[in-house]
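Chemist: Residue-level listing of the chains:
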Amino acid sequence: MSLANVASPLTPPKVGLRLQKQFSWVRAREAGVRAVLVSCASLSLITTLAIVYMFFTEAVYAVAPGSTAFFQDVSLWDFLTDTEWSPQFADKHFGILPLLCGTFVIAGIGSLIGLPIGLAAAIYLSEYAKPRFRRAMKPVLEVLAGIPSVVYGYFALVFVTPYVLRPIFQSLLHIDVDIFNAMSAGVVLGVMIIPTVCSLSEDALRAVPRGLREAGYALGSTKYDVSLKVVVPAALSGIVASFLLAISRAIGETMAVSIAAGQMPRLSLNPFRSMETMTAYIVNISLGDTPAGTIEYKSLYAVGFTLFLITLGMNVLAQRVMKRFREVYE
Amino acid sequence: MSAPAKLQEPELARRHRIGKVFEWLCCGSTWFGLVVLAVLLVSVLWQALTWPAPKVKPGASGPTVAKAEDSAIPLSKQFFTNYDSRHPRRAGILAPIWGSLWLIGLVALLSVPIGVGSAIYLEEYANEGHFKRLIQINLSNLAGVPSVVYGILGLTAFVRMFGLFGKGGKTLVLNLGFTTLDVPLPFERSLIAGALTLALLVLPTVIVAAQEALRAVPSSIRIASYALGATQWQTIRHQVLPAAMPGIMTGVILALSRAMGEAAPLMMIGALTFIAYCPGEITNVGDIFRNPHGLVDAPFDKFTALPLQVYNWINRPQADYQHVAAAGIVVLLTILLLMNTAAIVIRHKFQKSTRW
Amino acid sequence: MTIMQSFNELVHQRQQRESAKRIRPVETEVTKLDVRNLNFFYGEKQALFDVSMTVAERAVTAFIGPSGCGKSTFLRALNRMNDIIEGAHHNGTVLLEGQEIYAPDVDVVALRKRVGMVFQKSTPFPKSIFDNVAYGPKIAGQRNYKTLSEIVEQSLKRAALWDEVKDRLQDSALALSGGQQQRLCIARALATNPDVILMDEPASALDPASTARIEDLIFELKQNYTIVIVTHNMQQAARISDWTAFFYQGYLIEKDHTQKLFTTPKKKQTEDYITGRFG
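Residue numbers (the numbering used here), protein chains in the order written: chain Y, 124 to 453; chain U, 157 to 512; chain P, 209 to 487.
Calculated from the structure, these hints are not laboratory results. Heads up, some of the hints might be wrong.
As the list claims (entries may be wrong) - Stretches of chain U that chain Y covers, calculated by requiring three or more beta carbons in the stretch to come under 8 angstroms of a beta carbon on chain Y: (1) 167-174; (2) 184-191; (3) 301-315; (4) 361-372; (5) 404-415; (6) 443-455; (7) 478-484.
Yeah, the Cβ is synthetic: ideal placement off N, Cα and C, and Gly gets one too.
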């Protein structure tokens, strides 16, 4: 019984148990901490609300008295059908089509390059590569994803156009290549989305259960058959989601395209000419000292809103597809 | 029985050939990224380091042109101590380096507590319900919003503050005891407006990374702590957060390195101007002690940042600036590489030292 | 009836050990915990059906039964550990010294300080041995280093771990062996100064030597603490407990003095279980 020493701080106090809640700083702190954390988490909601409020008041319907929003000055019909975008000229036109065209031509070139290469790399890493190679390659992809887009723009301008595109297209095929051109922007965009496609697709491929692969081999399939005809179809919705996210990223990409593709709104499909994307227009209008309240300034919000809606739509679609994929395998 | 087997053999060989070709294609695609990365780095380094010495124009008035600093090459000492200049050979990156450091520091100060706080709420407190689902969906949508849209938000909400303060704006004078602080309202094109914009931009990334790190902490630790009579916050503060810290740090560093390289949102808030001073007039570490007041002034100063300065140089018509831009990119990439390495090292140590 | 005889022998050995150590007889018990008509649900699924039981102070009460019988759920209901599980709810009353622990004005943190718990898998925090044991007092507001080290020493001594770790208190707790980790968890629970210690199969993941040490420890601890232990091992229950309760499919089938339950069970199901006819 030596342990039950009376002086010991461990001896249970023989007062009645008090389990009732009582005020204490510990309890007050719990409530305070919780309130602080809830407000932290709500900030992301406020951000979204602020974005929506901003676009609504500047582009759709002005709340401040005496001011008008973009679509109160320019009709939505003109915005969507006019084939000219010339907000800085005396004869102003606000047709989004040339900007959309530039955006989709460049994003399209980027997708044609980045999606297949990214997927093939994902298949290699998940089906063929030895674990050591995988472990070595993953950081390389992370570094590739971490390079700022200004650097990619520089790369397009000083390397891709003069040393890749011009020798091939101008010298060999006699097609004029502008210094600023959609092709070089598309090429670097393709490189930029490879990490996104590769890592998301690889996750999808690796989530396919082993049993499915083994069943394929048991039927006399080669590794090629199993990879392309069993695993890829099984992971298809995950792959599609990675594609959608990558394309959405390509559409929203700003610096690389505004450096490499130039600032010439043009409704054309020729990728060797200068083009302007929605994002490039947005940064360029903010460079000049356009006073707030002018129609050029408000056009910023109209274009930004269009860009926001397009990327949001693609993201929501990607999440839907991804959710379906998860429901199958998780 | 041998006849059909023979018939199948060429077919099987063909299938194996296709398989081999496919494997090579996939392998090539994997290497493609590495090759592009190598070409990119080599071409940038090449541009930065091979800048031919200036030709002395015959007949130009000799002594003024041939000053020592005019023959400086990029990445020399002057490059780090000079401000931007209209002469390519005198251009330096002092202002953007301090601007980027300030920016990253402020972004970290703003986004880490809020991001980790949100993650703690979502992982430890929130019940599976509508509110949590709403925030979670909202987060994944915010992560997909293009950075230039955050720039528009920054321009509207921080630079102009929705026009709430009228044409000229107001100045809020705060008395901090040891010094007074003039806060311009709206923030105009100041460092704090840029930092707030970038903080909103990286917040979803920080939250998701912190959530993953918290989720990796085994629940047995939490239950054991509760069983000892710890409250929820005590459990998080003393057990869960320390255990999740390496994972959170890794995510935070990666998010900050993204903010470091972002130019578009900063261009939107109008930080792309000729800046020949550092925020708070702090140009070296010693200045902080000589002029502590600069520390509180700096967030409200105009600024420039590394990727912006690089963009600025790329866009100049003189060909010489391409070399200066390349030198700026080398500095930017070196800093980013160091941050990435730090993140990888922390993750590695974390994986080794814990065994749940 | 050889099985029952062997149980009888185990109980007898224990009683001899008790009298050798002059541990007071178990018959003079005071009720510590009083559970009345407890029904427990995980969402739709009912895990406990109308369980009523008393737990005697300063004695060891063992819960036995096949896995999934509800014995762990019942144990966790005693310090509201089930609160953490989403969708868990209950009706009925659980009284600790006459106080309803599920009453709305009860502070669950205060409850858990009085009713400590040790888990099946040892769960040392990734900290030093000292910090593990000092954790409970520290969060309860104890800042004095001298008092803390005193508590750590006392607790480790009571958990029979002091001699093994006294020279390396600052080492990581993760470096200890499995059996030492489990005793560390017991020491950690003792340091918060509880009245009741709940143990959820504390020795099931340990080797026989470590198990024996834990059993000795439980034997010592019952002089000061009320101990409730869940075990899948009937021999263990017979070796260490004064009372044994048998659970089956969410029902409390029978609770009695350990010797009586193992030698002359009243219910057929109990007899079937302890003689190995099912389970």
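Chemist: Would you mind marking each hint as holding or not holding in the structure?
Modeler: Hints, verified against the model:
1. 167-174: holds (count 3)
2. 184-191: The restraint on the region 184-191 of chain U holds, since 6 of its residues have a Cβ under 8 angstroms from chain Y and three suffice.
3. 301-315: With 11 residues close enough to chain Y, the hint holds.
4. 361-372: Since 1 is below three, the answer is violated.
5. 404-415: holds (count 3)
6. 443-455: violated (count 0)
7. 478-484: holds (count 3)
Taken one by one, the earlier hints fail for this structure at numbers 4, 6, listed in ascending order.
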